[in-house]
Amino acid sequence: MSRIRVMLVEDDDFTRSMVAGALQIQGIDIVGETGSVGPAMKMAEELKPDAAILDLDLGAGPNGIDLAVALRRRQPRIGIVILTTFEEPRLLNSKVSNPPAGAVYFVKKEIGEIELLYRGIQKAISNASNSSSSEVTPIKSKSLEGVTDSQLDTMRLVSQGLSNSQIAKLRGISEKSVEQTLSRLVANLGLHSAPDKNLRVQVSLLYSKLTGATSGGEPSDTK
Amino acid sequence: MNLLIQNNFSPIGGRWAISLYPTLFSIPLVVLGAGFSEPVVVGSVEFWKWAQISLIAALPAALVLYGANLTYFKNRKVTPVSTNSVFVLGAILGFIKGSLTGLLSLQAGLITENITENISTRIFAATVIGFFLLPIVSFVTFQIDFYRNIRKNLINDLLIIESHKYESGEVAALLRSKMKKNLDQELASIFSSSRELFDPNSQIKPESQWEELSKILRNISTKNVRNLSHNLFRERIYGDIGGVSHYFSFIVRNLKFESLWIALLFAFTTFRYALIESSNINGFITTLVKFVFVYCIFIVAQWIYEKVKSNKLLSFIGLIFTSLFLFSLVSRSINYFIDLRYSNISYFIEVSWLFIVVVITSFINGLSKGQAQEIQSLFSVKDRKDIELVGLQKEEERIRREIAKYLHGIVQSRLMASAIKIEASGNSGNLDELKKEIANAYTNLTMPDLSFLDMQDRDFKSECEIIESHWGALVELDFHLKITNREFRSGFVKRIGEAVTEAISNSFRHGQATSVQVLVEEVESGILIKVIDNGQGPQSGLAGMGSDLFTSIAGDNWSLRAAEDKGAILEVAVTI
Chain A
164 MSRIRVMLVE DDDFTRSMVA GALQIQGIDI VGETGSVGPA MKMAEELKPD
214 AAILDLDLGA GPNGIDLAVA LRRRQPRIGI VILTTFEEPR LLNSKVSNPP
264 AGAVYFVKKE IGEIELLYRG IQKAISNASN SSSSEVTPIK SKSLEGVTDS
314 QLDTMRLVSQ GLSNSQIAKL RGISEKSVEQ TLSRLVANLG LHSAPDKNLR
364 VQVSLLYSKL TGATSGGEPS DTK
Chain B
8 MNLLIQNNFS PIGGRWAISL YPTLFSIPLV VLGAGFSEPV VVGSVEFWKW
58 AQISLIAALP AALVLYGANL TYFKNRKVTP VSTNSVFVLG AILGFIKGSL
108 TGLLSLQAGL ITENITENIS TRIFAATVIG FFLLPIVSFV TFQIDFYRNI
158 RKNLINDLLI IESHKYESGE VAALLRSKMK KNLDQELASI FSSSRELFDP
208 NSQIKPESQW EELSKILRNI STKNVRNLSH NLFRERIYGD IGGVSHYFSF
258 IVRNLKFESL WIALLFAFTT FRYALIESSN INGFITTLVK FVFVYCIFIV
308 AQWIYEKVKS NKLLSFIGLI FTSLFLFSLV SRSINYFIDL RYSNISYFIE
358 VSWLFIVVVI TSFINGLSKG QAQEIQSLFS VKDRKDIELV GLQKEEERIR
408 REIAKYLHGI VQSRLMASAI KIEASGNSGN LDELKKEIAN AYTNLTMPDL
458 SFLDMQDRDF KSECEIIESH WGALVELDFH LKITNREFRS GFVKRIGEAV
508 TEAISNSFRH GQATSVQVLV EEVESGILIK VIDNGQGPQS GLAGMGSDLF
558 TSIAGDNWSL RAAEDKGAIL EVAVTI
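Just so you know, the sequences run in chain order A and B. By the numbering used here, the letter at position 77 of the first sequence is numbered 240, and the numbering carries on one by one without gaps. By the numbering used here, the letter at position 492 of the second sequence is numbered 499, and the numbering carries on one by one without gaps.
One or more of the hints may lead you astray.
[To be verified] Simulated coverage check for chain A against chain B, where a stretch passes if three residues somewhere in it have a Cβ under 8 Å from a Cβ of chain B:
hint, stretch
1, 178-186
2, 197-209
[Said to hold, decoys possible] With a cut-off of at most 25 Å between alpha-carbon atoms, the simulated BS3-like pairs for lysine-lysine come out as follows:
hint, chain 1, residue 1, chain 2, residue 2
3, B, K537, B, K468
4, B, K389, A, K332
5, A, K332, A, K258
6, B, K212, B, K468
7, B, K443, B, K222
8, B, K443, B, K501
9, B, K501, B, K392
10, A, K258, B, K501
11, A, K272, A, K305
12, B, K159, B, K84
13, B, K376, B, K316
14, A, K332, B, K392
15, B, K501, A, K332
16, A, K286, A, K211
17, A, K271, A, K258
18, B, K222, A, K258
19, A, K339, B, K389
20, A, K372, A, K272
21, A, K258, B, K573
22, A, K339, B, K392
23, B, K376, B, K159
24, B, K501, B, K389
25, A, K272, A, K303
26, B, K212, B, K442
These are calculated hints, taken from the structure and not from any lab test. Just so you know, even glycine gets a beta-carbon here, dropped at the ideal spot from N, CA and C.
Chain B with its partners taken away, still in its complex shape (with noise of 0.2 Å):
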């Protein structure tokens, strides 16, 4: 992402200018793309001593690339230089290669005929091809580090965002069983042990015990209890998210057969044949008419592609190898037409080569779309997860507030009160209620309640019915449910839930209502709820109050207005 706003945000002439490691790894395929493009291979030998002679040749040229990496290029990923520099370079590394392999070429005797014309038309393709190809390279290495970059960037978000959700969500409820598995194992034992001390049945003797007894409330209050809130443990646990396999998927799935760009490249790297028999109709001929046959053969082929809707990497190789058989069968045939000496490696040599251009054009733009699609989905996806996150984080304060609570609010506070009440009545000297108050302590050291710590899910009635029991003794409440039997995702329910009760809570604070109906209706599109109350109708000014909470779960789909005779109607309707 940071590289968006970085100043040699530049795809040709910044820190990409020459891809040095890449442009020099690309050698073998210019080297042996020396004998496959070679108009006039005639057997293996020739082939390999082209290579040779391509390979020797593209040293030099390789020389001068590092050293301009040492110079002219070095700081490019501090200031950019100029793209143009970028396509002198090109150029100047194809002259030397082309001049090298053609005096080189002369040298081993693989040029016989038509001397001058030869060498200048190899050393003009040569410098042609380098002043495209360093461009090229520098754009798709550009392409490629750019949104790796990104990728990078944004799949250390999701994994942020995936760990704060396991913090907030998945570990919610770790904690919740945690806790529930050490209130069951250390309380238990301490409140059983503890307890029957306070037993009335026992031999207990309240009026001398009593101190001893308050001090191991005290004890259990603050230290067992309190300790064991705070060793509630955190566990991280890592999705795993933007793999290797989700990166390549999107590349097949934008794999195209550019039948321009694999015609125009075909042709433009066996030209010279045309050229250099140029005194021969014939090498204009041959040329002419592969380039439309190879652009109107791959134009099929992509129509096919396109209509194929499964296997479609497998779809694309086969009708990678059918196009090429039948061209090799056309070019067969063009050769015998015009009576060309061409030898079974050279048919094989040109084939290999154009698969080699096919290859090549459909895996850049494979990638370049692919790459890009990627990251929109994993943009979308971490889009998701953020208001997820949000979600969970309010679920895991709610969460955290409520075990507290339950600790210090309920059991801690519990026992202490119990304590000072013991001592309060020992001190008085009251022995009725001193035996009271034991009474009561044994009591209190009872197992806690744990019902809310096993809180899953809860349905669209479970829901209601809490709802109820928070407001049902302020505001007479009336629901509907219209609900079927599907699941729904985790927290949906939870939501609707919060969107009833700040209607709820409305109607009585805002609407001064005494009673509400509540329809909550299961539509084709997702959830409905309707509130209607009997209060004073939306006043202005007050109209906005929880609209927050609407809009974060409904966007523009709600509504207030004023009933017909008294009252307000609330509706919001919910994607599911």
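Bound-form chain A, shown alone (with noise of 0.2 Å):
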């Protein structure tokens, strides 16, 4: 049987190596590393991979997920694989598409083994060889059930530090929607006011986690 042909894109040189060894121990052959969207779509035309193992924030420009449909655009066949810190993808950015049918979305930190990475990879090229699993499910987090896009705007704005009118301004609305609007947010995030708890800093605490910058509870050090 012949190896699993994979390429890695992530733009954290520690992270894509640290990944890049892990798998290779697994078997799987590391065809191409990159960390930007040019070269991974050239490398992906030359080296014909059969999946793609693609960071969902990629900074400024295309994220992974415009990655993986242009992939799928060129290459129908090849597998797809979402390697990210964030639980939605919504997360990034509001108006982020969908992944492509069959693609496997995994949060970094839920992956205990590398194992489950590699059965990962399986599954994904399987789904994109197997045209009955062309439907595309959209990744929802539990934690953001019942939050829209708006507010989940909105939640990111308020974990930058923005006051309500800056948010306002910058989203075109009125203060008062926004108010609004941070009120359905917290409603949805079931979280609750408290005299020693600062809603504002709540929300904040809650997207740093959901995106993988600090554990949640406590702000963590800068790594």
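Take the two lone chains, each set in its own frame, and fit them into one complex as the hints suggest.
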């Protein structure tokens, strides 16, 4: 049986080398590694890998899902694995599209063993070659059930430290609408006001937790 | 601002009700005013006598005022008193002062004829003056205090915004330069001294030294690079805004000859002559003629003043003195015509009093309108800066993320990865692999690429090149730029770039376009962005994609429609 050929797109050198090393031990052939979209498209064209492992957040420009969509348009049989710290793609940007059909979405902290990632790659390749599994299933985090895109945008801006009036100006809506969105967001997230807990801080902490910036609970030291 | 919602918001009966100190400070004016406005002062001796009497008569009134301040008006800052009470108190103070002035002037022998009429007229006039003066002082004080508080809050807001602005924009630039400097000085020395240890051409023994080398790489990664990112500093720079000259420029701009008020006030403060000399028709004639003349001459002065475009303050002063000179000529002619006994000093005193009346009315007018206008201008500055701040904070966030990502994601991560690979090949005993990884580490210890830290405001061409480098691999892009070489405000090109990026990403994500044409054209009123794609065209439910961003930079001046054959056309018109 031939080895699975995988390309890796991850803009963090350390993570990329760790993942590549671990998958090689599992018997996967890492045919190419890169940190950005341009070289990734070129690499895929030349090397024709069986699957691509893509980071969701690739910095400025297209994200991992955009890249996945473009790869799939050119190579319909390529397996797609999204590997990220974001519990839900909308956390990166509410305007992000759905991943291509059959893509496998992994949140880094939930991968206990590298075997799980290995199986995910196999599943992604199988999904891509199986036309019956072409349905697109939106990736949803349980913590964000019922949270709308607009609420998520507000959550992101609150976690950036912006005031209601600044958010209103940035989103082109009234300050009152921001207040209303914020109260609905707080209700949807199941957060409660308490004398020793500021709601805005709770929202920011939760956002950091869901995007993998902190483990949640207490703000962590900068890495 | 918070004054607006306080329950003592009352221009006359509120916390400024009797304006104790401003009123007490106005005593010298009242004292001199007595001498100036006295109709039959014939020399300096009489003038000072009147002034002394007025001062003595004002003291009991001042004591009554102070007493009212301690009793009925005591809690006015918390609970407003009735507006009428201020008028009544003013009338009482005027009555006291008028009565005492009458009695004292009689004692001093300044009144010799028509004694009863003279004193009663004097009391009546003083009561009426007090009735209006105290509320006017209260109102003016209220205005000054009210606007001063709004102004203070606004300037505080502006200072906060300015400081945030500098934290966001300027400090981001400082962060960049500081980081670059630190990287140059600290990292360069660390990298260069460590790098030679990894030089494949040196006497390095990979099989025995790999652990030590790996440890060095780990140290540089976790200590030097990490600490460097933590030591990035912040510097606060405050701007100088809303200064005193700004405040006074608005007051000067609003100076105006209020001819009716000038004429009324002047006639009213000098009408006693007409009343006292009521048996003589000359008193009425002079008062009436002077009232009409003063009214007319200041209407003309105001008309001329409005025509003047520059040196407004100097013109205003010039017009005052010209008007006063003409008034003194007319006053002399009238007096000569009706054979009145005015001395030179009497004319001087009369003209001086008119001068004071003109200055007071003009200043009050300039103050009330000028303050309001200044506040309005500060509000608009604040609004503009508020919007600017949001943009700058976004920029700061982006740069911070870039810096953090650069340090942790590239420099630190690259070195740590190198250390781990050296350890892995060392442990496996694969000498060739070890040599290769040490050579890689040698390469990785080259000074990091700092090009992105030198980023300045880009021009449209560079901005488009960057967008193409991001999106060009996914979608075919065709840029057409029709821009002159003019300079745009800081961040403007970037905002246009954001809008173009948003449009391209929408075409790719939602329109599934494979080709996008972008036209950025400078038009008369600003920049027109036109994005045409070959995708599926606007879909229901997705037409609002990016609308927040387009609205925030172009207001309602953007549209998305289906192209004739296939695809969508987005047009965004941004005002410069």
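These are the hints, each one checked on the structure:
Counting residues of the stretch 178-186 of chain A whose CB falls under 8 Å from any CB of chain B gives 5; the rule of at least 3 is met. Given as covered by chain B, the stretch 197-209 of chain A passes the check, having 5 residues with a CB less than 8 Å from a CB of that chain where 3 are the minimum. For the hint linking B:K537 to B:K468, the alpha-carbon distance of about 16 Å falls within 25 Å, and the restraint holds. Between B:K389 and A:K332 the CA atoms are separated by roughly 13 Å; this keeps the pair inside 25 Å, and the hint holds.
Proposed proximity of A:K332 and A:K258 is supported: the alpha carbons are some 19 Å apart, at most 25 Å. Note on B:K212 and B:K468: the hinted pairing is violated, with a Cα-Cα distance of about 51 Å set against a maximum of 25 Å. Our distance criterion of 25 Å between C-alpha atoms is met by B:K443 and B:K222, whose separation comes to about 17 Å. Proximity of B:K443 to B:K501 is assessed by CA-CA distance (about 42 Å); at most 25 Å being required, the pair is judged violated.
This hinted pair checks out: B:K501 and B:K392 have alpha carbons roughly 18 Å apart, not beyond 25 Å. Taking the CA atoms of A:K258 and B:K501, the gap is about 20 Å. The hint holds against a cut of 25 Å. Taking the CA atoms of A:K272 and A:K305, the gap is near 16 Å; set against the 25 Å cutoff, the hint holds. This hinted pair checks out: B:K159 and B:K84 have alpha carbons roughly 19 Å apart, not beyond 25 Å.
Our distance criterion of 25 Å between C-alpha atoms is met by B:K376 and B:K316, whose separation comes to about 19 Å. Between A:K332 and B:K392, the direct Cα distance comes to roughly 12 Å. Compliance with the 25 Å bound is thereby established for this hinted pair. Restraint check for B:K501 and A:K332: the C-alpha separation of about 18 Å stays at or below 25 Å, so the hint holds. Proposed proximity of A:K286 and A:K211 is supported: the alpha carbons are some 18 Å apart, at most 25 Å.
Restraint check: the Cα-Cα separation between A:K271 and A:K258 comes to about 22 Å, which is no more than 25 Å; the hinted pair holds. Of the pairs offered as hints, the one joining B:K222 and A:K258 is violated, with about 44 Å between alpha carbons and a cut-off of 25 Å exceeded. Restraint check: the Cα-Cα separation between A:K339 and B:K389 comes to about 20 Å, which is no more than 25 Å; the hinted pair holds. Taking the CA atoms of A:K372 and A:K272, the gap is near 11 Å; set against the 25 Å cutoff, the hint holds.
Simply put, A:K258 and B:K573 have alpha-carbon atoms about 23 Å apart, close enough for the 25 Å limit, and the pair holds. A hinted pair counts as satisfied when its Cα atoms are at most 25 Å apart, and A:K339 with B:K392 qualifies at roughly 21 Å. Between B:K376 and B:K159, the direct Cα distance comes to roughly 18 Å. Compliance with the 25 Å bound is thereby established for this hinted pair. Taking the CA atoms of B:K501 and B:K389, the gap is about 23 Å. The hint holds against a cut of 25 Å.
Between A:K272 and A:K303 the CA atoms are separated by roughly 16 Å; this keeps the pair inside 25 Å, and the hint holds. Between the alpha carbons of B:K212 and B:K442 the distance comes to roughly 9 Å, so the proposed pair stays at or under 25 Å and holds.
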